[in-house]
Amino acid sequence: EAGVVQSPRYKIIEKKQPVAFWCNPISGHNTLYWYRQNLGQGPELLIRYENEEAVDDSQLPKDRFSAERLKGVDSTLKIQPAELGDSAVYLCASSPRQGAYNEQFFGPGTRLTVL
Amino acid sequence: LAKTTQPISMDSYEGQEVNITCSHNNIATNDYITWYQQFPSQGPRFIIQGYKTKVTNEVASLFIPADRKSSTLSLPRVSLSDTAVYYCLVGNDYKLSFGAGTTVTVRA
Numbered sequence: 001e002a003g004v005v006q007s008p009r010y011k012i013i014e015k016k017q018p019v020a021f022w023c024n025p026i027s028g029h030n031t032l033y034w035y036r037q038n039l040g041q042g043p044e045l046l047i048r049y050e051n052e053e054a055v056d057d058s059q060l061p062k063d064r065f066s067a068e069r070l071k072g073v074d075s076t077l078k079i080q081p082a083e084l085g086d087s088a089v090y091l092c093a094s095s096p097r098q099g100a101y102n103e104q105f106f107g108p109g110t111r112l113t114v115l
Numbered sequence: 001l002a003k004t005t006q007p008i009s010m011d012s013y014e015g016q017e018v019n020i021t022c023s024h025n026n027i028a029t030n031d032y033i034t035w036y037q038q039f040p041s042q043g044p045r046f047i048i049q050g051y052k053t054k055v056t057n058e059v060a061s062l063f064i065p066a067d068r069k070s071s072t073l074s075l076p077r078v079s080l081s082d083t084a085v086y087y088c089l090v091g092n093d094y095k096l097s098f099g100a101g102t103t104v105t106v107r108a
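Sequence lines, in order, name chains A and B. Numbering follows the numbering used here, in which position 68 of the first sequence is assigned residue number 68; successive positions increment by one, without gaps. Numbering follows the numbering used here, in which position 56 of the second sequence is assigned residue number 56; successive positions increment by one, without gaps.
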């Protein structure tokens, strides 16, 4: 069974540029998460989807970050414009069951470097 | 959301048992305790989850005392490949958060 797919794996951009990350969850997983992980820290939840609905986006910096999951399958996370402090690994995870505490399956992440 | 506290790092040797204790004094009655493992350049991987007493699977055991204010992840007979960061999470249907984790280094 294929795992969570993320692309690109690496991205280098200059500050003020836009950037987008794509995630395809495991087939049949209705719950999807986006996390940001800074160096030496644990992942920080940005947004959680149940199907197409964003059920928890309280930690998403809405002035520059946006996310969508239009058909309840794959998802895109966008940053516009990027700032130096956005350099981090962006992780996508999915789960077959609703509820934040259920087992999450993580992708390899996208490492973003903002210059 | 209950705050978790776990050691920053631990060292061990191959073949030894590693026990990582996580403190979560403010755990709520509807919170579960979950542990994840993360290798460099990879996403975290689920290890084990429990609510109370003891849970065991093929890779680890989780011990939770009756007051649930702490939990201990036990890794039996570790090998070099168990070198990783281990995260203790406490959460429920609505909220779950990762702490800073414990870096476990296994030496030959």
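Hints may be right or wrong, so weigh each one.
[To be verified] Taking lysine-lysine and the DSS-like style, the derived pairs with C-alpha atoms no more than 27 Å apart in a straight line are: (1) Lys71/A / Lys95/B; (2) Lys95/B / Lys3/B; (3) Lys78/A / Lys54/B; (4) Lys54/B / Lys95/B; (5) Lys62/A / Lys52/B; (6) Lys15/A / Lys78/A; (7) Lys71/A / Lys11/A; (8) Lys62/A / Lys54/B.
It is worth saying that the hints were derived from the structure and are not from the lab.
How the hints compare with the structure:
{"no.": "1", "hint": "Lys71/A / Lys95/B", "in the structure": "holds, 24 Å"}
{"no.": "2", "hint": "Lys95/B / Lys3/B", "in the structure": "holds, 12 Å"}
{"no.": "3", "hint": "Lys78/A / Lys54/B", "in the structure": "violated, 42 Å"}
{"no.": "4", "hint": "Lys54/B / Lys95/B", "in the structure": "holds, 23 Å"}
{"no.": "5", "hint": "Lys62/A / Lys52/B", "in the structure": "violated, 38 Å"}
{"no.": "6", "hint": "Lys15/A / Lys78/A", "in the structure": "holds, 14 Å"}
{"no.": "7", "hint": "Lys71/A / Lys11/A", "in the structure": "holds, 26 Å"}
{"no.": "8", "hint": "Lys62/A / Lys54/B", "in the structure": "violated, 41 Å"}
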